[in-house]
Amino acid sequence: MLRTLIVAGAIVGILAAGCGPAPADKPTSETPGGAGSKLRIVFVPKSAGNPYFAEVSKGLEKAAKELGATVETQAPTTADATSQVTTIKDAVQRGCDLLVISANAPDTLNDVLDEARKKGVTVVTVDSDITGNETHRDASVLPVDQEKVGPALVESLASLTGSEGEFAILSAATDAPNQNKWIAGMKETLKNPKYSKLKLVDTVYGDDEMQKSTTEMEALLTKYPNLRAVVSPTSVGMGAAAQVLETSGRYPGGPKANGTGIVLTGLATPNQLKKAVEKGVVTKFHLWSPAEMGEIAAHLGSMLHSKKVTADVGKTFDVPGMGTKTFVDKGVVYVGPLTTFDKSNIANFDF
Amino acid sequence: MSRRDLVPVGLLAIVLFVGSRLSARFLDAPYLLDTLNLYVEAGLLATGMTFVIVCGEIDLSVASTTVLVACVVSKFLGPETNPVVLVAMSVAIGSLLGLVNGALVTIGRVPSFLATLATMATYRGVAQAWLGPFSAKWPVMKGLDRAHLGNSPVPWPPVIWLLVAGAAGLVLHRTVFGRQVAAVGTNAIASRFSGLPVERTQLAVFALSGAMAGLAAVFLGSRLGVVRHDLGRGLELDAITAVVVGGTSILGGQGSMAGTVAALLLVAAAKTAMGVAGVKPEVQVTVVGVLLVLAVLAGNMAGLARRKAPTQA
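These protein sequence lines map, in sequence, to chains R and V. Its first residue numbered 1, the first sequence is counted upward by one per residue in this note's numbering. Its first residue numbered 1001, the second sequence is counted upward by one per residue in this note's numbering.
Rather than coming from a laboratory, the hints here were simulated on the basis of the structure. Note that the coordinates shown come from a computational prediction; the quantities given were computed from them, not determined experimentally. One or more of the hints may lead you astray.
What the hints assert, rightly or not - Derived CB-CB ranges, DEER-like: (1) Thr326/R <-> Phe1113/V: 55 to 61 angstroms; (2) Gly1234/V <-> Gln211/R: 29 to 35 angstroms; (3) Lys148/R <-> Ala1147/V: 43 to 49 angstroms; (4) Pro1079/V <-> Asp202/R: 37 to 43 angstroms; (5) Gly1234/V <-> Lys148/R: 37 to 43 angstroms; (6) Lys308/R <-> Asn1151/V: 37 to 43 angstroms.
Unchecked claim - BS3-like cross-link-like pairs, simulated, lysine-lysine; straight-line CA separation at most 30 angstroms: (7) Lys1280/V <-> Lys38/R; (8) Lys148/R <-> Lys118/R; (9) Lys58/R <-> Lys1280/V.
Beta carbons: idealized from backbone N, C-alpha and C, even for Gly.
Chain R on its own, in the form it takes in the complex (with noise of 0.2 angstroms):
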């Protein structure tokens, strides 16, 4: 007990002494864009070796190069809220000026991160937003305005199949909400005389399983014999067509393509369907672009930070080498348009 108390006390001592003499460095909150110092950026993504949140970090990177900035990724150790609440509050006392952030919750970092920004901290979510939360950040930059997929994809069916043609849908699970607004988005966007020789045949599920939805895709060429395309709006599902059509040899020019071929087009991360495009068995798909993400991110949180630009519905700003990007409702920023990924670039991309 009494060597205990002796060790508590020395500790005490080297507590007292360093907390003493310190307060030269101690971290006051800096003015926003304050004069000549570099802007710190620190992201804290959801979860630690997530290939996405890399690109995300890459995107950072490259605009903080062009901003002489500093960014480092500071993932939770555990993919929760409570973990990046931790997270956050190091980040703050290490020295911070723009957080970037993917959120784990909607609701559970208020209180952290306006203790960030009364320390002169600006905080923009990325790809997941504080929803219902939005005053407790600065701005949010999200993958893509949802209400875009639909009319997209459609777009992409157009110019693979000459708008013409029997196509089926390879979707998710039934219930999945994002797919089942693109899809009523493209069924939308058919209604429009241009595509009127367009002809959704069917719409399957896969339920975003390999198994699952390689069998629904190989019922689905059997069934429709004249199936010119397919639509996948989700990587597994996409995966798995390209895999039935690369054994079938059904692929457009493949040895059993009996004319034209089946085209396939969809949403999918460029990891999944890299081989298939090599291979020529998909010619082009989809996706929003993290790196994008986080290059928007970096660009707008330091024009924020410096009060060059106010998160106001309508307001704009310009991102060099991107265009100029509107602010929607609640400070939030859209990506911009679907990324195409094909064989003249999917091997720029690894997520």
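With the hints as your guide, set chain V onto chain R.
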């Protein structure tokens, strides 16, 4: 009190020193004290866990208990609730969930590792089934972690935890019940033949662990303002780690509350020091792991060198 608990205290001093070398912003009293708030929940769980482990059992369900209690309380109590009622209810529900664990172990004869592994999944599962992916607003006492002791930079939650741990330490080391816990943990069969209330003791430690988890729910909810089913993942492991590093034998029979407190502070200090220095989280986890191995090894060496009577709690 065993001297093994000096190991974490010594390591804590080293970590504080190294931390101050890594970053000039580490030894900043208001910041460190504020950070301590983040470890209060693990601290309370570890306090209860010390009893369970000294008793020769384990409780893997504590973090899930905390989350379930937090969800139940947020769902049933409104913003006009008296804080005393809220705390009492949280502790009561926690104890009840702990008693379920105790009953599975004593009446159901399920080994505590399995029983609490099952309730760990069940309690969190119930919380998830009930709230779904949504969160519930914490009703009262929001922002307790920003309430300070007078004008000092000392926040209330760590103080409360230390008081609770102090009281728990007295119970463990200075009362008949504490002796019984250690006796049952040393040898349950011998204890039974000596006429000790073995089952009652086991029930009591699980209830105590549940009560601490219930109290932890108050701090978790008050700190975050909202509760969800997925909060505090892995907190049970943090608690067990603190107990074992603090010199409590995982086989039961002996342990030290002071050691648990010191070990928790050690982990908190190490993580914070590295966080402020910008050490990558994956490296942080590794360093904490190595630190823990060192602590346990050092404790064993000390134990081998001295070979004191093992049953002293």
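Here is how each hint holds up against the structure:
no., hint, result
1, Thr326/R <-> Phe1113/V: 55 to 61 angstroms, "holds, 57 angstroms"
2, Gly1234/V <-> Gln211/R: 29 to 35 angstroms, "holds, 32 angstroms"
3, Lys148/R <-> Ala1147/V: 43 to 49 angstroms, "holds, 47 angstroms"
4, Pro1079/V <-> Asp202/R: 37 to 43 angstroms, "violated, 52 angstroms"
5, Gly1234/V <-> Lys148/R: 37 to 43 angstroms, "holds, 39 angstroms"
6, Lys308/R <-> Asn1151/V: 37 to 43 angstroms, "holds, 39 angstroms"
7, Lys1280/V <-> Lys38/R, "holds, 21 angstroms"
8, Lys148/R <-> Lys118/R, "violated, 36 angstroms"
9, Lys58/R <-> Lys1280/V, "holds, 17 angstroms"
Consistency note: the structure conflicts with the earlier hints numbered 4 and 8.
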